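Make a model of the complete structure from these sequences and hints.
Below, each chain spelled out in residue letters.
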Amino acid sequence: MSTLELIGLTKRFSGRPVVNDVSLSVADGEFVCILGPSGCGKSTTLRMIGGFEEATQGDVRIDGASVLDLPPNRRPTAMVFQKYTLWPHMRVAENIAFGLGLRGLPRTEIEREVKQSLALVGLSGYDRRYPAQLSGGEQQRVALARALVLKPKLLLLDEPFSNLDALLRVRLREELHAIQRRIQITAVFVTHDQEEALSLADRIAVMNAGRLEQLDTPDQIYARPRTLFVADFIGQMNLLPATLEDGRLRLGRHVLPAPERLPGNMPLTVAVRPEDLAVVAPNRETDPGTLWQARIDQAIDLGHYRKILAFAPGLFVDAQAAGTVRLKIYAPKHFNAREGDPLWLRPDRYLVYPGGMAPIEIRQPLVAADHSASAIVM
Amino acid sequence: MTADVLVSSLADGRAPRRAPALARTLVRQAPGVFFLVFLAIIVIGPMLSVVLWAFAETWWYPALVPNTWGLKYWGETLARADIRSALPLSIGLAAAVTALSAAICLPAAYAFARLRFPFRQPLLLSFLATNAFPRFGLYVSIAVVFFKLDLVGTLQGVALIQLVNTLLLMIWIPTSAFQGVDRALEEAALDVGASRLRVFIQITLPMVLPALSAALLLTFVSTFYEAQGALIIGIPRVVTMPVLMYSIINSQVIVQYGAVISLILWLPSFVLLGLVQRFVRGGTMAAGFGV
Ligand SMILES: Nc1ncnc2c1ncn2[C@@H]1O[C@H](COP(=O)(O)OP(=O)(O)OP(=O)(O)O)[C@@H](O)[C@H]1O
Ligand SMILES: [Mg+2]
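As they're listed, the protein sequences go chains A and B.
Counting from 1, one number per residue, gives the positions in the first sequence under the numbering used here.
Counting from 1, one number per residue, gives the positions in the second sequence under the numbering used here.
Take the hints with a grain of salt, since some may be wrong.
As the list claims (entries may be wrong) - Computed far set for chain A versus chain B, every beta-carbon distance over 12 Å:
#: 1; residue: A27
#: 2; residue: G122
#: 3; residue: Y126
#: 4; residue: P241
#: 5; residue: L244
#: 6; residue: L251
#: 7; residue: T290
#: 8; residue: E339
#: 9; residue: R349
What the hints assert, rightly or not - Heads up, incomplete: computed chain B residues facing chain A, CB under 10 Å, no partners named:
#: 10; residue: E187
#: 11; residue: L190
#: 12; residue: R196
#: 13; residue: L209
#: 14; residue: A211
Quick caveat, the hints were computed from the structure, so don't treat them as lab data.
For clarity, every value in this text was computed on a predicted model and none was experimentally measured.
For glycine and all other residues, C-beta sits at the position ideal for the given N, C-alpha and C.
What follows is the structure, given as structure tokens:
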């Protein structure tokens, strides 16, 4: 059963649509991340769910019932904000107990709940502190405890960790993941950090300019981004313009097998993940048309692997693109890459985007048996 | 030697390498010490002289302290019928004006801080107008109007004119205090189930309390000392302490009267300052703000 349903949710600020016809549903116990670039309407969507922003159109349903008429204090949601929002004049315990007190719980029960929720976020013994005596990470954990203690039907989180440093952000993300696993709470988590979304979410809702671009599992979002925006936004992707020619895809001087039923007369884009670009040794038997020749422009050491940026002028018709667009390639750490060195690449898997439509995936049969990059001596 | 080291190091832009610690401390703290001494001379000097005069029965020129001490003038001053009626009148009037001002201004300040409405900015600036121009002319023209309304010489008239004086302070300080409370803090309280009224009372109000009490204190004290408006509108029937002091000082050249009345006038300030200090410093409030 779905806990949350958004139906054609729209928000306009003085006529300008900021959230545009967003529909999605979140199942019971599911953790959904709303991911998108800054200003795409993520927070506005979340604030409409929490009741802090009025919807211009559409509906928000929780457990099947519309909550549009309810003010935030009467919605079964609890929010963790991006800013630090602990009340400075209350101790940690008082901050957490505030909402319980409003529900008229007996004192002993409140104390027990406060203790439990502090233990849940790993801050037992902090109850007598004031927010000013906590670090940013601790404050956000208390804010999480303050929301969880109310046992909301739906937990809303608006970039709760984005004010923290990178290391702490990862740690809190993992802790949140563990807590979510344990108590199985339904949650909507807003972030612009795709790593955060990919590692936390059961499903990711990618938003762009107020619209929902794709709602899918992290795997699917990465493997089959449904729009060019998602393809470009999630992870690293090489996007190459192509045309259809004699049933094959033409990219500059190169050709690739085309999907069977492609609508004609459409601008096509071929999308290749860096890890799907195999670096191979040139071989006389291989068709020179299938291997892409590139020239290394920059090699970046990323610890356990190397990211290589290379020009491949042969792939482009447009002279300007040929001189500016760089292919992104991953190579093993020991791969000997120097600026200006030539490189041969073989696309093993790619997606073809016809216009604005859903992509078609193509896996190339392996051309030759063993031409792994490690075998190359340059 | 220290000076030489300092000068040479300043000249070549390096910190003095082995300047004695004491000298360095002195140099660093010199501005603070100088400021403190200056403040003491400006503030404490005159105050001390007033205190001395209040307890002096005779004090002739070359003596550094009074020749004879005593409470004679206290007895005389406090026995005066005009002071016995003026003191409670002044305290009551100041309290009433402060309360009235708070009742009008605090909701207005909250509105200025939280709502967007047309002419908000000009309206906010307009309160400056009452304080930006010489008061005397304003009072005289108000007096003309009040005369027609039969308000001259009445308590209500004085209260009204003093109220105008308090508006600027009572709107501006609380407005900026309310603006200083992050809306997200209020939203978070709303989110856990508090009604708007409860959010205001339990979240917003405690956070602005230090600023509000400062505004209330300043309003009370400045109203208590207010003399121009009370003089022009109140005379002859409503005589407040400051007005009385003017007339006493003008009619009798006995310094001690002035000194004793001054001390009496300071009293409410000190009492309120003490209260606010304890209130703002002590306990939860201070810890909450990390003071
Ligand atoms: N109260 C408002 N009035 C007018 N425009 C607004 C208001 N609130 C948000 N907007 C606009 O709506 C758009 C979306 O805002 P929103 O806060 O939802 O973005 P976001 O996706 O959360 O971005 P970020 O990642 O930067 O937080 C922005 O262009 C913003 O300027
Ligand atoms: Mg946001």
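Consistency of the hints with the structure:
1. A27: holds (23 Å)
2. G122: The assertion about A/G122 holds, with a minimum of 21 Å to chain B.
3. Y126: holds (14 Å)
4. P241: holds (45 Å)
5. L244: holds (53 Å)
6. L251: holds (50 Å)
7. T290: holds (57 Å)
8. E339: Per Cβ check, A/E339 is outside 12 Å of chain B; nearest 43 Å; holds.
9. R349: Answer for A/R349: holds, closest chain B Cβ roughly 45 Å.
10. E187: B/E187 check passes; min Cβ-Cβ to chain A is 6 Å, inside 10 Å.
11. L190: holds (5 Å)
12. R196: B/R196 check passes; min Cβ-Cβ to chain A is 8 Å, inside 10 Å.
13. L209: holds (8 Å)
14. A211: It is violated, given that the least Cβ distance between B/A211 and chain A is near 13 Å, above 10 Å.
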